[in-house]
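Just need the whole structure built from these sequences, with the hints factored in.
Protein sequence lines correspond, in order, to chains A and B. Residue numbering for the first sequence follows the numbering used here, beginning at 1 and increasing consecutively. Residue numbering for the second sequence follows the numbering used here, beginning at 1 and increasing consecutively.
Everything labelled a hint here was simulated from the structure, so no lab data went into it. In this text, a Cβ means the ideal position worked out from N, Cα and C, and glycines have one as well. Treat the hints with care, since some could be wrong.
Claimed, not checked - Just a few of them, taken from the derived set where beta-carbon distance is under 10 Å, the chain B residues facing chain A:
hint: 1; residue: Asp61
hint: 2; residue: Asn63
hint: 3; residue: Arg78
hint: 4; residue: Glu83
hint: 5; residue: Ala86
hint: 6; residue: Gly150
hint: 7; residue: Glu151
hint: 8; residue: Gly162
hint: 9; residue: Ala167
hint: 10; residue: Ser170
hint: 11; residue: Pro172
hint: 12; residue: Gly259
hint: 13; residue: Ala261
hint: 14; residue: Gln273
hint: 15; residue: Phe276
Unchecked claim - Sample of chain B residues lacking proximity to chain A, with all beta carbon distances greater than 12 Å (derived):
hint: 16; residue: Leu134
hint: 17; residue: Ala214
hint: 18; residue: Thr221
hint: 19; residue: Trp304
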Amino acid sequence: MKTRMQRRMLALGTLGVTAIIALSGCGVSPDASGDVTPPATDEPVTISLGWWGSDPRAQATEAAVALFEEKYPNITVDTSYSDFSGYWDRLATQTAGGDAPDVSQMDMAYLSSYASRGTLADLGALDSILDTSGIPDSVLDSGLVDDTLYAAPIGAAANGVVINTTLLAQYGIEIPDTDTWTWDDFDDLALEVTEKSGGASHGVTPFQNDSFGLQVFARQHGEELWDAEGQITVPPELVAEHFQKELDWVESGAAASASQVSDNGGATISESDIVTGKTAMFFTAAGAFNGIQLAAPDNDYIIGNWPADSDTEPGFQYLKPTMYWSHSATSEHPSEAALLVDFLINDEGVAELFGTERGVPANPSLQEVIEPTLTPQGVQALAFSRLMNEEAGEAPAITPNGASSVAQILARYNDEVLFGQTTPEDAAEGFIDELQASIDAAG
Amino acid sequence: MSALGELRTITKRTGRESAVDKRARTRDSKVAAVFLAPWIVGLLGITVGPMLVSLYLSFTDYNLLQNPNFTGLDNIQRMLGDERLAASLRVTFTYVLVSVPLQLIVALAIAVLLDRGLRALPLYRSIFYLPSLLGSSVAVAVLWRLVFGGEGLLNSFLGLLGIQGPAWVSNPDTALSTLILLHVWTFGSPMVIFLAGLRQIPREFYEAASTDGASRRRQFTSITLPLLSPIIFFNLVLGIIGAFQSFTQAFIISGGSGGPADSTLFFSLYLYQEGFANFRMGYASALAWLLLLIIGAFTALNFWISKFWVFYND
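Structure (structure tokens):
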């Protein structure tokens, strides 16, 4: 028989729990306040800025923020940054708690996921403050989701082959002409590196989890990874060919053993095979070129175009935004945040500070501004970017909503193929099925 | 007998509680409530409340960024067809069923060795206990990855002996073994408890047994093990519960991915990926409750089996 006190406790407890559920069930709903943005005021305002990257980027960004605070003394910017993988977990939870930074660095893999769920602000509605006219349409279009601009591209880069010329010279191998080489030339060169170094170094680091590389590979055969509606359009045979190529490299010795490749996949830039001299060639977005050269000052690197055969489709290259600035939909100071984004993508002082750290600037006038201040690698990256701009075809659709984990899914199937757990054909089917299911399941 | 109990006894005898006693009882209860209040608020707010919200979310399609929509049993249906879930269950079960007994065996062995009345026992105990303090930390996991990596300490050492070791943490066949080794390395905590338990076994038993001519091995199996069995049981239950929830080591050593080809995809790591990386927090909540059910089942099984092998002195 419950005493009155026990009954009272039970009642209070149930009330407490119900209250907690009711309060926490509120969730976060994006601000539907329409197009009217309050103009920027002169009152002291604090906004927050978040990005991912290494130390050089952090220093450059802090300096850029200092410039901004000089120009707008009433605005204080709180900065925070982290490494790439931890950044996304944090951004997701911050957004869920309504606490996302006012301005965040954004990647194409996640743009659609965040924009389709209403967590990013429409930058087009802020065009009285935020001027995106300096960015060419071909690059700016990659910031559109459902025809609305949700993110401003910072820089753009093509996917190229980074080659360690010091390593090649060490073994007396001729530096290839990257404008005319074929896939056979590439395979032979990669094998030559392994043979002449007696296995101390290998020719190539396989593609692994790079969906950018997979997209370029698909485009070389006239296909694309996905379309604007979120359908995977690349045929399984092509993905299987992509896996097979890597498997051939590992088996012939052109690439290192499967476990070394896997080890390298999880390594930081300074530990990666291309930097430590274990591999001579590496397919990567040109935006990473700067970082690679900085991490290995004793080696010389060049960046060149992909090998192409006579039947390769022209225009397979395209300029993919390296990263964007996006603006939170729940920001309390949208005008000030828009001012910051406008400053970061248009100001010449900022461009000089960033250099090619975030990729070659998307704005051609800024490219001219930084040209005199570039390091030799920056000059190379800029030249490569201009060359690719001439050769580029139409940019493909951006990563669909639900495909944010494409790199992780690709990495997993890649590992399974290289360790002999599945055939390239089965892995290709599995990869496409899983990625499509992920896209379909996403809201 | 507690004060309240005595009061009740008095009440029973007279059949009627006096007004003074009733006021005293109410006052006692109010004081108790005030003292308990902070803890109850914490329990409801930080533990029970979120658990119930999580139970609700496990029947929704919550993606962290938008409001959750009720979807009924969709998440359970997804679980049944989820191959990665099956892989993660395989990995987690392998880890638990291998590393927990292994760790306890090592802990018991070292404890028995140390129980010989060594002079520097406190020193040895502290040294062996140290890894278990650090073992679940991020720093040690990073260190482990470096030691067992392709260019790590272990391979440098093997290289001195002329053996070319593989990249232990990057090979699907050996990655889980490095994690099991890490768990076994943190045997200090159960070891200290075993040491205390060994100390409690009366020496007379061993003396009587040796005068009867029992070998050391026989003494161990017939005296030490049965008398130690409640402690073994305790360590086993806690070890299993903890091992199922392992996250940090797998996250750091595999770089958050679940290892080469999902070979280190622990259950809580998979849950984390689904919830925070893949925007499927509703599904992740359902997975969390599945883990609770699994751990509950194992614990209940443990308790049931304990009837047959745990020997309580009373």
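Here's how the hints hold up against the structure:
1. Asp61: Hint on Asp61 (chain B): holds, closest Cβ of chain A at ~7 Å, below 10 Å.
2. Asn63: With a minimum Cβ separation of about 6 Å from chain A (threshold 10 Å), the hint on Asn63 (chain B) holds.
3. Arg78: Arg78 (chain B) check passes; min Cβ-Cβ to chain A is 8 Å, inside 10 Å.
4. Glu83: Hint on Glu83 (chain B): holds, closest Cβ of chain A at ~9 Å, below 10 Å.
5. Ala86: violated (14 Å)
6. Gly150: Check passed: Cβ of Gly150 (chain B) comes within 4 Å of chain A, closer than 10 Å.
7. Glu151: Check passed: Cβ of Glu151 (chain B) comes within 8 Å of chain A, closer than 10 Å.
8. Gly162: It is violated, given that the least Cβ distance between Gly162 (chain B) and chain A is near 16 Å, above 10 Å.
9. Ala167: holds (4 Å)
10. Ser170: holds (4 Å)
11. Pro172: Interface hint status for Pro172 (chain B): holds (5 Å vs cutoff 10 Å).
12. Gly259: holds (9 Å)
13. Ala261: holds (4 Å)
14. Gln273: holds (8 Å)
15. Phe276: holds (4 Å)
16. Leu134: Correct as stated: the minimum Cβ-Cβ distance to chain A is 22 Å, above 12 Å.
17. Ala214: With a cut-off of 12 Å, Ala214 (chain B) remains clear of chain A, as the shortest Cβ separation is near 50 Å.
18. Thr221: holds (42 Å)
19. Trp304: With a cut-off of 12 Å, Trp304 (chain B) remains clear of chain A, as the shortest Cβ separation is near 31 Å.
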